[in-house]
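K.L.:
Spelled out, the chains give:
There are 2 protein chains.
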Amino acid sequence: MRRVWFVLATLVLCQSVRADEGMWTFDNFPRDRLKQAYGVDIGQPWLDRLRLATVRLEGGCTGSLVSPAGLVLTNHHCVADCVSRLSSAARNVQAAGFIARTRAEEERCAAEQASVLVAVEDVTAQVSAAIGTRSGAEANQARKAVLTQLETACEARHRSATEYYSCEAVTLYGGGQYFIHRYRRYEDVRLAFAPETDIAFFGGDIDNFQFPRWNLDFALLRVYVDGAPAVTPGHLRWRRGGAAAGEPVFVAGHPGSTERLKTVAQLRFERDVRLARWLLRAAELRGRYLEFAARGEEFARIAQEPLFGLENVFKVRRNQMRVLLDEAFLGQHEREERALRQAVAADARLRPWAGAWADIEQALAAWRVIFDRHLYLEQGVALQGELAGYARVLVRAAGEREKPNEARQREYTEAALPLLQQQLLAPAPVYSELEILRLAFSLEKFVETLGVDDPAVRLALGREAPRALATRLVRETKLGDPAFRTRLWDGGRAALEQSGDPLIALVLRLEPEALRLRQRYDDEIEAPLATAGEQLARARFAVKGKGTYPDATFTLRLTYGSVKGWREGEREITPFTTMEGLYARATGQAPFRLPPRWVQAQQRINLETRFNFAADTDITGGNSGSPVVDAAGRLVGLIFDGNIHSIGGDYGFDPVLNRSVAVHPAAIMLALGEVYRAEPLLREMVVE
Amino acid sequence: MRRVWFVLATLVLCQSVRADEGMWTFDNFPRDRLKQAYGVDIGQPWLDRLRLATVRLEGGCTGSLVSPAGLVLTNHHCVADCVSRLSSAARNVQAAGFIARTRAEEERCAAEQASVLVAVEDVTAQVSAAIGTRSGAEANQARKAVLTQLETACEARHRSATEYYSCEAVTLYGGGQYFIHRYRRYEDVRLAFAPETDIAFFGGDIDNFQFPRWNLDFALLRVYVDGAPAVTPGHLRWRRGGAAAGEPVFVAGHPGSTERLKTVAQLRFERDVRLARWLLRAAELRGRYLEFAARGEEFARIAQEPLFGLENVFKVRRNQMRVLLDEAFLGQHEREERALRQAVAADARLRPWAGAWADIEQALAAWRVIFDRHLYLEQGVALQGELAGYARVLVRAAGEREKPNEARQREYTEAALPLLQQQLLAPAPVYSELEILRLAFSLEKFVETLGVDDPAVRLALGREAPRALATRLVRETKLGDPAFRTRLWDGGRAALEQSGDPLIALVLRLEPEALRLRQRYDDEIEAPLATAGEQLARARFAVKGKGTYPDATFTLRLTYGSVKGWREGEREITPFTTMEGLYARATGQAPFRLPPRWVQAQQRINLETRFNFAADTDITGGNSGSPVVDAAGRLVGLIFDGNIHSIGGDYGFDPVLNRSVAVHPAAIMLALGEVYRAEPLLREMVVE
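Keeping their order, the protein sequence lines are chains A and B. Just so we're aligned, residue 1058 is where the first sequence starts under this note's numbering, counting upward by one. Just so we're aligned, residue 1058 is where the second sequence starts under this note's numbering, counting upward by one.
Derived by calculation from the structure, the hints in this document are not laboratory data. There may be inaccurate statements among the hints.
It does not matter which identical chain is used: a pair holds within one copy or between any two.
Derived DMTMM-like pairs (lysine to aspartate or glutamate); straight-line CA-CA distance at most 25 angstroms [unchecked claim]:
#	residue 1	residue 2
1	Lys-1535	Asp-1510
2	Lys-1372	Asp-1511
3	Lys-1092	Glu-1629
4	Lys-1372	Asp-1329
5	Lys-1372	Glu-1665
6	Lys-1460	Glu-1627
7	Lys-1372	Glu-1443
8	Lys-1601	Glu-1554
9	Lys-1535	Glu-1568
10	Lys-1092	Glu-1665
11	Lys-1372	Asp-1510
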């Protein structure tokens, strides 16, 4: 249920594509433009091979197949959830790292799944036909119903005894096009290798989104089918020496979300309502985690994964806020929007869509009215923590599963349930003190935001204070037990009502109001935004043509660019770092502390070995773990971050400053071979 | 060194004065306007009596003399610092309250001073003459030097063996007028009465800035001269029944600061730079305090005062941010500014000042460049906590005191030193764990904001991590001992350099860079802003006349209005609450927990007794503890807060929604008489 983002961003907005910008779908990749820029010609087989070697990790990342036996390369921070689930007070995998010396030692990442995109079908015509002449909330319901139908039909067509295919409806260009994406899905994903957090995330939050950089942010997973390693002949080969400075490179991956096609009103809403509130909540929660972690080593271990996750997103959003507060940035966006509006107004064929901007503003005004209640009650911000999350999913799923598939909320359709169920029922350690912190925090914000006299607040708290209630609920609930969750999942609504579990009872009490808010959101906000989104997409196609790319949607994309530094004020930032810089930066104190293995290795390794590098490819959160390949399709790097200027790429790509940051193949080879002595894993991969 | 603000605010901006708006100086009070609005005529004797009965508490509040023997009425939250200094693990004055049954039981508030404004002298001409034809940084230095000279001369003229007079230069209208305010200063202020925090701050942060309200937010201090209660015949008399709904009332007090005359560029800077950064820091610190407090009762007691203070300002600034993000609000401000600029451009006599707006924008651009370094290094945000505060003041004072008086920074002139010295040397409990929290937090933000490679960061931290350094400094410093501080204060720079104290050593290391930043700030930002401020003030006087009031400056002001509720959406809010509502709201859990005395009193007191009330007077932070008086000059209430709409009053007064919130005299009489049995105090006051 968690998504790993290292969402990226920028300062200059470019609605017309320039330079190496673009998160292209594989079926609309600008081969001509690439050829013109770099003299490189890639063909359909090249694209197909890369697509089939690229993996979507359902936890919110990307990976790539790197051996014929299902080995998947991704980031250490993409397996943080898995590592934390495998850890305990007695076994600190975060600190010690994880090396499976044999396949038998590989351990299941119980909540993870991996997917490979095998087919894409354009269903825009079917969606349009299903909506017909309907409008507003009715059109919205019809749209969602037909997307669910199409997914179900796709899965039925591809049911197989040996391979599991999952079908997913995808909306591109904010509604201009609809697709069904079919994935080969691997439900058994195991951890094969993870370095120590101290080297994977060297520099911690301080160096996050910085470059020069020295992070060994890689890990190896393996996908299994029927208990045996998957057979994956279409894997990538390594190019040990990596790409040279200036050499063209490609990144395949699943950028999570961007807002480059949003209207100015939507960006202002994002800034003034969503980001402003989120940042203040996150800053306070961060303070609570930090003080919790300061209580001792075990507290620090327990808090580490949620804290790192939060700090990462916090750095992103703080910088997004900075970008959206920049009058020059918004001014540029306004000018481009004005130009599009004028073009629409000037063309009789487009004029029916001229009301889209006003419709969006009206929908946002309606959103403002219910924003806080919807956020806290329906989006679950009032009830945070793993335990409360289980309760919310169980209660909602029980209600939705009673409905016919097409009438369900889209998160609970038959196509969505397998992943949801796996995440819900996966065993995970429960840390009561941390759960109390998170639940108390969220209940306190709930009271603070809606007010102590709000009926839903009263319904939730009665006469109890938030922390007292949180403490009681965490101590009394049995939801930490996967067997209990399984019983409730299987037993549906009746089992929930009879469970006697106080956390379930609380969520059941709040559910009617949450559902009312959901309905209001769907009808008054989602519906008009979807219609206006379709109209704007058509207007853009009509005015600007189809030579553009859609906003990111956690679906497979390809971007190109070159290995490249940048100029930071007076300073020239070169694109590569080496091992030497790592040792120069180490202080012995976290987050600049090296693991013992690396301290010992200093004397025997080549300090000129390349470590991290920068490239001007266009990526964002969800691209974590993406393979960087050269024109010959060989693996020359592993994306793990962007530089500080890349934050804001959410709103537009700045070719001058926006850089991706990746781990160099030489560092990975050196680590596996000389530091961790993980020869079996190394031998499995093809290294040139 | 701490200031108590409950800074207030609004949504509608009115640069032209309307309704009951206005924080008037006593020498420019609009008696005609008052007469027209309410048919009430007040004369100079009325004004003089009220002025001489109103007290400025140097901690950042207002009070009023309410007995012939120096008794001062103020808010409980204005004595929070005093109460917390008198508290310890063994003696929880916060929880238990404080009642001096005899004068001998009154205890010194060691860091507090009280002042009564006895004379005001217009020195605008002297300041202009001193500046002469100088400009820029030179004009700024000349201005500050002459203000210091004028203060010193005033104090020399009024030196007395029996009474201590303090003279303070005051800048009004952003530089249009300069005054010397002379205060009768009381250096010995003692606590006579404070109720339990649970009743004084009933509803806590949740109900803060809310109305209806039930807070017994009052306390009694007593000013002493030469060890005996001061003789104060000019005190106020109580009107037990208070004022009726709709009745005109007056509030005398010391509003701390407003920004109603700031330019749009300044407001944007406030929003995008100052508030945005402050809020994120404060939210995180709040989270740290809350998690610290959750560790146990003693942790909660220790954290209470800083936490309440922070939450109060946080609520203010969060709402200020909301106001400044409101496009309609800024749009209105922009229109008014455009009108003034046009008027200036159209008038040949005013045209020399037309560059003021551009000069301000240039100064703000310069500020942006050094904002973070100046904030962290010179304004001390890198080194927070009581101990670090002592170190910073000691180091800076030692340097400044070596200079001639007129060349010193204005916070370290001879006129400023007595209060500074008293605050510095006052005994105060030191809570090491809380100090570590604050210092670690501020060092971590310092590193995060300036980056680990910043030279000043390296100078401060060496190879130590922030929390490790903070822990070591707090454990090793001797600054918690007032005798040690006294030695260092007396010994000056040499004593500091030889002290061997690690916290002093750290501040000494950073001092040269802090002073460089101060100089740059003074010359590049303060100087042009001061000149532009003078020009804008003159332009406004020329265009709009002098029938207006200056922004708040923590100097004595008078505002008028009436006892009045407001309409909140569909709901009519009536102006009074009663004791009955208090008991209905109590839950037994903090912050809605009643002290035992009040639980026991429920059966015997009249539940219809009025408790709090609202009025449409124009106040802001610093007005805390202000007397509310009727047309006859009788005390009819005690200001302690504003409603939620009053936040934003910083930028403009909204007569429809902005309300002050006060304690009703009946509640105070009932509490002293029937709940606390504090008859001697009650008898001392004149109650009608």
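K.L.:
Indicate, hint by hint, whether the structure satisfies it.
P.N.:
Hints and how they fare:
1. Lys-1535 to Asp-1510: neither (30 angstroms within a copy, 48 angstroms between copies)
2. Lys-1372 to Asp-1511: between (33 angstroms within a copy, 19 angstroms between copies)
3. Lys-1092 to Glu-1629: This pair counts as neither: shortest intra-copy Cα distance 28 angstroms, inter-copy 70 angstroms.
4. Lys-1372 to Asp-1329: Classified as both: same-chain Cα gap 17 angstroms, cross-chain 17 angstroms, threshold 25 angstroms.
5. Lys-1372 to Glu-1665: neither (31 angstroms within a copy, 53 angstroms between copies)
6. Lys-1460 to Glu-1627: neither (62 angstroms within a copy, 38 angstroms between copies)
7. Lys-1372 to Glu-1443: For Lys-1372 and Glu-1443, only the intra-copy Cα distance (23 angstroms) is at most 25 angstroms; the inter-copy one is 29 angstroms.
8. Lys-1601 to Glu-1554: Result: close neither inside a copy nor across copies, 55 angstroms intra and 70 angstroms inter.
9. Lys-1535 to Glu-1568: Within one copy only: 20 angstroms inside a chain, 57 angstroms across chains, cut-off 25 angstroms.
10. Lys-1092 to Glu-1665: For Lys-1092 and Glu-1665, neither the intra-copy (33 angstroms) nor the inter-copy (85 angstroms) Cα distance is at most 25 angstroms.
11. Lys-1372 to Asp-1510: Classified as between; 18 angstroms across copies, 34 angstroms inside a copy.
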